[in-house]
Amino acid sequence: MAKESGRNKIIETIGLSLQGNDEMILNSINLVLVRNSILGIIGPTGSGKTSFLRILNRLIEFDEGYRVSGSVLFENRDVFDPSVDLGELRRKIGMVFALPIPLPMSIRHNLTFGPKLAGVKNHAELNDLMECGLKAAHLWDEVKDRLNLSALKLSGGQQQRLCLARIIALKPEVILLDDPCSGLDPISTAKIEEAIINLKKEISFILVTNNTKQVARVADRAAFFLRGEMVEYNETKNLFTAPKDKRTEDYIAGRFG
Amino acid sequence: MKFLRRNPVTTQRLADTYFSIMAILVLFVLLFILGFILVKGLPVLNSGFIFGIPREMGEAGGIFPTIVGTFLLPLVALLFAVPLGVGTAIYLTEYTRENRLTAIIRFGAECLAGIPSIIFGLFGFVLFVVTLKMGWSLLSGGLTLAVMTLPTIIRTSEESIKAVPRHYREVAFSLGATKWQGITRVVLPSALSGIFTGIMLALGRSIGETAAVIFTAGSSLKMPASALDSVRTMAVHFYILAREGISMKNAYGTAALLVLIILVINTIAYYTMHKFLEKTHG
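If you read the protein sequences in the order shown, they are chains Z and H. All the letters of the first sequence, read from the start, carry residue numbers 679 to 935 under our numbering. All the letters of the second sequence, read from the start, carry residue numbers -18 to 263 under our numbering.
Rather than coming from a laboratory, the hints here were simulated on the basis of the structure. There's no promise every hint is true.
Claimed, not checked - Far from chain Z by the CB rule (all over 10 Å, computed), these chain H residues: (1) LEU8; (2) LEU26; (3) ILE86; (4) GLY185.
Said to hold, decoys possible - Ranges between beta-carbon positions, derived for each pair: (5) Z:GLN697 / H:ARG78: 17 to 25 Å; (6) H:LEU60 / Z:LYS879: 53 to 61 Å; (7) Z:ASN686 / H:TYR76: 38 to 46 Å; (8) H:GLY95 / Z:ASN708: 56 to 64 Å; (9) Z:PRO760 / H:ARG78: 17 to 25 Å; (10) Z:GLU820 / H:LEU19: 53 to 61 Å; (11) Z:ASP923 / H:LEU258: 51 to 59 Å; (12) H:VAL10 / Z:GLU809: 56 to 64 Å; (13) H:MET254 / Z:GLY698: 36 to 44 Å; (14) H:ASN247 / Z:GLU872: 47 to 55 Å.
As the list claims (entries may be wrong) - Derived lysine to aspartate or glutamate pairs resembling DMTMM-like cross-links, with alpha carbons at most 20 Å apart: (15) H:LYS160 / Z:GLU739; (16) Z:LYS831 / H:GLU259; (17) Z:LYS770 / H:GLU151; (18) Z:LYS831 / Z:GLU820; (19) Z:LYS770 / Z:GLU880; (20) Z:LYS794 / Z:GLU809; (21) H:LYS160 / Z:ASP763; (22) Z:LYS879 / Z:ASP898; (23) H:LYS160 / Z:ASP741; (24) Z:LYS799 / Z:GLU809; (25) Z:LYS794 / H:GLU151; (26) H:LYS143 / Z:GLU742; (27) Z:LYS878 / Z:GLU851.
Note that this is a predicted model, so its numbers are computed, not measured. Even glycine gets a Cβ: it sits at the ideal position worked out from N, Cα and C.
Construct the entire structure; sequences and hints are all you get.
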């Protein structure tokens, strides 16, 4: 595995562990997200992938009874440092959830919700951010004439792109995708994958999914998680064509999962 | 009864008929009460009655001060009860985990909800009127009604805040919201219609209350000049006119106007709410 220089690492976890109520959910994960790349994480349900994402932007603190140890460096700064502004952190490390969750307001307000919290007041600027987000998420053409429509009225695929657009409007450094296409049809999935690949020049992604093929299609590097351990991490093509670990090979081949 | 089991279509028809009759009966009772009051009361209503000052204990003249009292007293009550009640509900749902304290608060609210209003009247009399020396006043009455309606507001607000999907909070946080921003910009707007229903219930109870009001706000027929003046609400006025046999005619007039006012308030309130929901939920 190629060693990345410090400048290229946007996120690095060192010995990151997550202790749940009575079990270890993540066990000493060392993982690097390279700037302007897509890192795919695969693994069966319950392997700790989602928990891993939720630690990175500290959304894990929303849950009860967990203890995190080890460190997460974002742009060489520990995200658990007391001086970190949580709002700022979460704006820089955005997240798209497995279920599309539009807020119960108009498309426009969904898009300007985040920027307004960040203190943007200027109307033209808010509109720019909204348009930029919707365009990058390939949703603009479908909704530009009905921005005041409730976001709840959109189709599932459109809602998920709205969620992606909502994050992009915040100009994040990293976007965490928690199985964003799990409930979507192949066409909607393709639109989201296309959007992600186009955005790679500005944003770095971590894509967690049960869909192994999706990782093979879009990710530059891939990691395989199993029962809270990171079994393997490599360039995507190496991981898929020449897995070093027998368990990775078995999982990719579909022998368990 | 054998045919019932054999023929589901007949059973269904019988059920349909039964439910329709029940619904019509209830509607009939409601309309009868409403009609009775309006028929007896409407002829009394004229501008002199509505905007006039009562004379001879209400036997003659109008009822204007009691209309003012009817609006002011519940307003004072809501002024205290809404921030307290909604605040408590937010605390219970957003700021604590389930523990002994929340259980006690919830149990306390449940108990309060079941206490007869006259007990609240007595409590308000002892605490606000006598001990805190507020006398029979708008303030004493308002505070008493606030205590009385607090459980309703807490329960309905809590239920509607709990019904807001947990995901909305996570999304708000993931977009950089602080807890306060998440609550004020996502949770409360989503819970608003439920909270509003609770407030309307509290308002209705306050407007119609007599026992607790007589004990704490008194029954002065004068126009209140300050929060420490005694007031008489229309419900109390009706009670006194009828009870003391002062004037049944004016009692019915007061009742009819009270019913109309409540109808108007409810219509306006629900219309406004509907407009608001339409705007946010599309």
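These are the hints, each one checked on the structure:
1. LEU8: The claim holds: LEU8 (chain H) sits with its nearest Cβ about 34 Å from chain Z, beyond 10 Å.
2. LEU26: holds (44 Å)
3. ILE86: Its Cβ never comes within 10 Å of chain Z, the nearest being 20 Å, so this holds.
4. GLY185: For GLY185 (chain H), whose nearest Cβ neighbour in chain Z is about 28 Å away, the distance exceeds 10 Å, so it holds.
5. Z:GLN697 / H:ARG78: 17 to 25 Å: holds (19 Å)
6. H:LEU60 / Z:LYS879: 53 to 61 Å: For LYS879 (chain Z) against LEU60 (chain H), whose Cβ atoms are near 56 Å apart, the range 53 to 61 Å holds.
7. Z:ASN686 / H:TYR76: 38 to 46 Å: holds (42 Å)
8. H:GLY95 / Z:ASN708: 56 to 64 Å: holds (59 Å)
9. Z:PRO760 / H:ARG78: 17 to 25 Å: With Cβ atoms ~23 Å apart, the hint holds.
10. Z:GLU820 / H:LEU19: 53 to 61 Å: Holds - the Cβ-Cβ distance for GLU820 (chain Z) and LEU19 (chain H), about 54 Å, lies within 53 to 61 Å.
11. Z:ASP923 / H:LEU258: 51 to 59 Å: holds (54 Å)
12. H:VAL10 / Z:GLU809: 56 to 64 Å: Between VAL10 (chain H) and GLU809 (chain Z), where Cβ atoms are some 58 Å apart, the hint holds.
13. H:MET254 / Z:GLY698: 36 to 44 Å: Cβ of MET254 (chain H) to Cβ of GLY698 (chain Z): about 43 Å, so the range 36 to 44 Å holds.
14. H:ASN247 / Z:GLU872: 47 to 55 Å: About 53 Å separates the Cβ atoms of ASN247 (chain H) and GLU872 (chain Z), which means 47 to 55 Å holds.
15. H:LYS160 / Z:GLU739: holds (12 Å)
16. Z:LYS831 / H:GLU259: Holds: LYS831 (chain Z) and GLU259 (chain H) sit about 13 Å apart, inside 20 Å.
17. Z:LYS770 / H:GLU151: With Cα atoms ~16 Å apart, LYS770 (chain Z) and GLU151 (chain H) stay inside 20 Å; holds.
18. Z:LYS831 / Z:GLU820: Cα-Cα ~13 Å, so holds.
19. Z:LYS770 / Z:GLU880: Holds: LYS770 (chain Z) and GLU880 (chain Z) sit about 12 Å apart, inside 20 Å.
20. Z:LYS794 / Z:GLU809: holds (15 Å)
21. H:LYS160 / Z:ASP763: Cα-Cα ~13 Å, so holds.
22. Z:LYS879 / Z:ASP898: holds (13 Å)
23. H:LYS160 / Z:ASP741: Distance ~14 Å between LYS160 (chain H) and ASP741 (chain Z) Cα, so the pair holds.
24. Z:LYS799 / Z:GLU809: holds (16 Å)
25. Z:LYS794 / H:GLU151: holds (17 Å)
26. H:LYS143 / Z:GLU742: holds (17 Å)
27. Z:LYS878 / Z:GLU851: The given pair, whose Cα atoms are some 10 Å apart, holds under the 20 Å limit.
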